[in-house]
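Chains as they are written, first to last, in this note's numbering: chain A, 739 to 1033; chain B, 739 to 1033; chain C, 739 to 1033; chain D, 739 to 1033.
Don't read these hints as lab results, they were simulated from the structure.
Just to be clear, a hint being listed does not mean it is correct.
[Said to hold, decoys possible] A few chain C residues that face chain A, going by a derived Cβ cut-off under 10 angstroms, partial list only:
hint	residue
1	Met-739
2	Gln-740
3	Leu-758
4	Tyr-812
5	Asp-814
6	Leu-818
7	Ala-819
8	Asn-820
9	Ser-824
10	Ser-945
11	Leu-974
12	Leu-983
13	Pro-992
14	Arg-1000
15	Arg-1002
16	Lys-1013
Remember, predicted model here, so these are calculated numbers, not experimental data.
The beta-carbon is built from N, C-alpha and C at its ideal position, and this holds for glycine as well.
Number of protein chains: 4
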Amino acid sequence: MQVGFIGLGQMGVAMAANLLRAGHETTVYNRTRAKAEALASAGAKVADRIADACRGEAVFTMLADDEAVEAAVYGDGGVLANLKKSAIHISSSTISVALSKRLAADHARAGQRYVAAPVFGRPEAAEAAKLFVVAAGEPDALRSAAPLFDAIGQRTFPVSDAAEAANLVKLSGNFLIASVIESLGEAMALVSKGGVDKNQYLDVMTSTLFGAPIYKTYGKLIADEKFEPPGFAAPLGLKDVRLALAAGDELQVPLPLASLLRDRFLTLLANGGDKLDWSAVGGLAAKDAGSTSGR
Amino acid sequence: MQVGFIGLGQMGVAMAANLLRAGHETTVYNRTRAKAEALASAGAKVADRIADACRGEAVFTMLADDEAVEAAVYGDGGVLANLKKSAIHISSSTISVALSKRLAADHARAGQRYVAAPVFGRPEAAEAAKLFVVAAGEPDALRSAAPLFDAIGQRTFPVSDAAEAANLVKLSGNFLIASVIESLGEAMALVSKGGVDKNQYLDVMTSTLFGAPIYKTYGKLIADEKFEPPGFAAPLGLKDVRLALAAGDELQVPLPLASLLRDRFLTLLANGGDKLDWSAVGGLAAKDAGSTSGR
Amino acid sequence: MQVGFIGLGQMGVAMAANLLRAGHETTVYNRTRAKAEALASAGAKVADRIADACRGEAVFTMLADDEAVEAAVYGDGGVLANLKKSAIHISSSTISVALSKRLAADHARAGQRYVAAPVFGRPEAAEAAKLFVVAAGEPDALRSAAPLFDAIGQRTFPVSDAAEAANLVKLSGNFLIASVIESLGEAMALVSKGGVDKNQYLDVMTSTLFGAPIYKTYGKLIADEKFEPPGFAAPLGLKDVRLALAAGDELQVPLPLASLLRDRFLTLLANGGDKLDWSAVGGLAAKDAGSTSGR
Amino acid sequence: MQVGFIGLGQMGVAMAANLLRAGHETTVYNRTRAKAEALASAGAKVADRIADACRGEAVFTMLADDEAVEAAVYGDGGVLANLKKSAIHISSSTISVALSKRLAADHARAGQRYVAAPVFGRPEAAEAAKLFVVAAGEPDALRSAAPLFDAIGQRTFPVSDAAEAANLVKLSGNFLIASVIESLGEAMALVSKGGVDKNQYLDVMTSTLFGAPIYKTYGKLIADEKFEPPGFAAPLGLKDVRLALAAGDELQVPLPLASLLRDRFLTLLANGGDKLDWSAVGGLAAKDAGSTSGR
């Protein structure tokens, strides 16, 4: 297929490379052009303007947040004004439910199609085309986009005809991860002050009930208080918890654990944690307990 | 070894049977004698009194709570008064850190040995001798008890010389499970009110980031609102969260997520949930959101 | 002074009447014209359009929320486009810190002046010109507006040169009130389930430590479970807690009690409480405790 | 009346002095005898043993906590073993609901009477005989004790026939105060980081909606970060919140705000706050917000 790709961060560049590898003619755009050029050798056309990435049957956006997506979509030079009739805007960014809903409506009005397709997976998974794609939108649009999802991921989960449902699933997934971080942080603060070695504790837990990689990965970071460099930075964690709460607010679903997480992230950021990995939230319980790090 | 076993609930009966199967001469005691007699055909001696279960090299207690353990241990007819010098009291009940500490001191004073050895695993795992044993106490006592642990579990984790550390680990583990229940409850309340099918959502989550059986098991119960019959009853869940908080209080470790869980359990019990499985805590977020069950 | 007044709800109509009473030439505007006409007999000029209320030295806006204020201020027919140079926009609505900041900047750019002057007091206080005015903005603007504040209130508190500080104070004040509601709700749920009469309890508390009218007023509503008709509706309470949290988010100030309140308001609204007084939040603790009302 | 008084801390000594002043023959006992002797010049008989303070028609206990009261009441030399038939034990200590209930039952069994009569008021109020007495117990016992309450307080509130109800009211009152501390702490952290002077803010709030002395007193301590010397020490604050939660646990009343307060107190104590006034809890929100004190 002919496809555009807007947003070449760590995730985007890997996803675009896999589209190329799967044989899709891919035109890439990035605000900082250098990142786009790195893909030229892999066969990508490099666009100077967003509009030039919107000529094909589909265009991905993989950007940092609502503001970045709005900037790319709206305005004369944006996706909305330049995408062909029936072409599909595939939004893979982790954005708000509200914006996704608005994009769906605006594209429909313009005779275009819109699919929300956020992904689960770290950059390594993106490079290996092993992402999980959570997709939502009109069934025909999902069908059309399927080969593209196959190119970037190991499995696609179609969750709804309403595009914003995919964003809701993505946000709730990140909320679940943040909950794991908080619960491990509290548990380790407790057992550690009670004299149990944190790594040994983690070994017990992950060898028995909590074998999921997420417990191993985040548990290790918390046990070792190794919050730098960030794999997923704390401000992004706050953003996603905030968006989950905003979705809960809109739907009138109180989320007390998400509220607790939001307060934790704010505490972290207010105390110099903006460059840390979001797992640093898991270090706050020990701080509240007056436990000083051995480091 | 010659060993006694006090407390033949669903877990205890399976553990005692495995001790017998492994060739240990086992004398069993239960307040309701009928349960003890069921083990006679498997070779158990049935004791009429606690004292008679205390004649060997070790005696297990596997009872409901602090009160039950105190009742079995203290007093003229209790474990403390009847256990031989150097014999080991192996406490596998999920009890408070404070009581475990007190038992360690009292047995030491009496020239006896004490090991805290709570277990992870449901009754099926107990039957299959597949429990995980978290053990703490003096190294020589742990060594002496090792063959017994091998008879009931698939792996033993020695976590500390201080017996109560094992209880702390056990309590924190149950806190982690309760945290999973709460986080899944909130996430499902959110996506479900947003139009996503709960089972489909669970499939996405457990197929991607949260593959641990615990997410599958509890997620399914919450998605189906199937909280009866209880596998682990809500009042026991409250008890364990309460004990984790008590340990945190003693050690001065604030545990805001555990506090949230405690309030959830109280809400559940105050509204008729005392016969439900503790996963019913995962149904409260949906209730707060005004979502009515399809049932 | 020549002054305009936009927004004639229960509060606005009383404030405009007091401006007239104090001798200020007042032009009033309301989306629903009937409410404006009611003031004509008191000497008000009735404007057909917002622009016509912007001809004087100052114009008040007293509207429901950010959206209403934005609609009144921006656009060709709005306050910003029609206010004279050096004239003052006095914003008395309870709006977000962010919008107040933006209004300050936009008016400055247009050569106009801007004062944030939210008020404390119920409609009765507004009628009696007994409001408390919390005012912030450039000192000269505050000086110019002083006679107007004197006309509507019993005392003016100038809190900062930065207009949005007044909004922050107002929001935090409403947060304090909501905190009183929650604390009374929990306390009464506790003592009441313990057998103490709620009204008698309230009498003890307000006769001893908590003599402030706010404890008497809200305590009585909660004790009697009399949440209708709303004096200040629950959705407005949620709005203000939400704005306090948004301000905390922007300033990186975690507010766990405000988070708790937000979840309470969402629970209330999700369960049919949108027509109730915000004191109904004080009834939720009893509901969680499974206490059924005597009514 | 002939009366005994056990426990001569800051509060007790003032209460005993007022009993003497009102003409009651008072025998005083304190573990540290020196404090008792100070009352001899005012006419008190000084008892060497608790038993000697139990010879009259009534005996007050005014002690630090459950442990101290249990130590004074139980055992051969205690109140229970030495009080005459029909004489009244008046328990003014802030103790648990559970202990109060147990005392009521044990005294009834011994043919004695029991009244719970905790008080509201700081030491100055105790000296001026201006305490508020919250009293509960059998009506005849309350009637008999009335002259004693009149001697120490400005007003007595009989709240129930069940003695422990008075303790519940006292605990819930301290919970309300702690809630004021937390809410002021959060509000001030917010406005202060937003550029508003904390003392000026407090002036606005206490001049308008929150005129109660409690807002002025605690607000001032928080604004000035003046948490030493303690008027009411943080560990006592934690104790009372813990007892309120324990009562809630027993009655199945979830108290999320009390849970938050408990975590705050633990954080304070875990970080060196055990010698501070309980209002120091109101300084934690600013700390979480990364706001550094000017001191």
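Evaluation of the provided hints:
1. Met-739: Cβ of Met-739 (chain C) sits 41 angstroms from chain A, so the hint is violated.
2. Gln-740: 41 angstroms, violated
3. Leu-758: 40 angstroms, violated
4. Tyr-812: 18 angstroms, violated
5. Asp-814: Violated: closest Cβ of chain A sits about 21 angstroms from Asp-814 (chain C), beyond 10 angstroms.
6. Leu-818: 23 angstroms, violated
7. Ala-819: The hint is violated - Ala-819 (chain C) has no Cβ within 10 angstroms of chain A, the shortest such distance being about 23 angstroms.
8. Asn-820: 28 angstroms, violated
9. Ser-824: 35 angstroms, violated
10. Ser-945: Violated, about 34 angstroms.
11. Leu-974: 15 angstroms, violated
12. Leu-983: Leu-983 (chain C) check passes; min Cβ-Cβ to chain A is 8 angstroms, inside 10 angstroms.
13. Pro-992: This hint holds: Pro-992 (chain C) lies near chain A, its Cβ roughly 4 angstroms from the closest one there, short of 10 angstroms.
14. Arg-1000: Cβ of Arg-1000 (chain C) sits 7 angstroms from chain A, so the hint holds.
15. Arg-1002: 8 angstroms, holds
16. Lys-1013: Nearest chain A Cβ about 15 angstroms off; hint violated.
Of the numbered hints listed earlier, those contradicted by the structure are 1, 2, 3, 4, 5, 6, 7, 8, 9, 10, 11 and 16.
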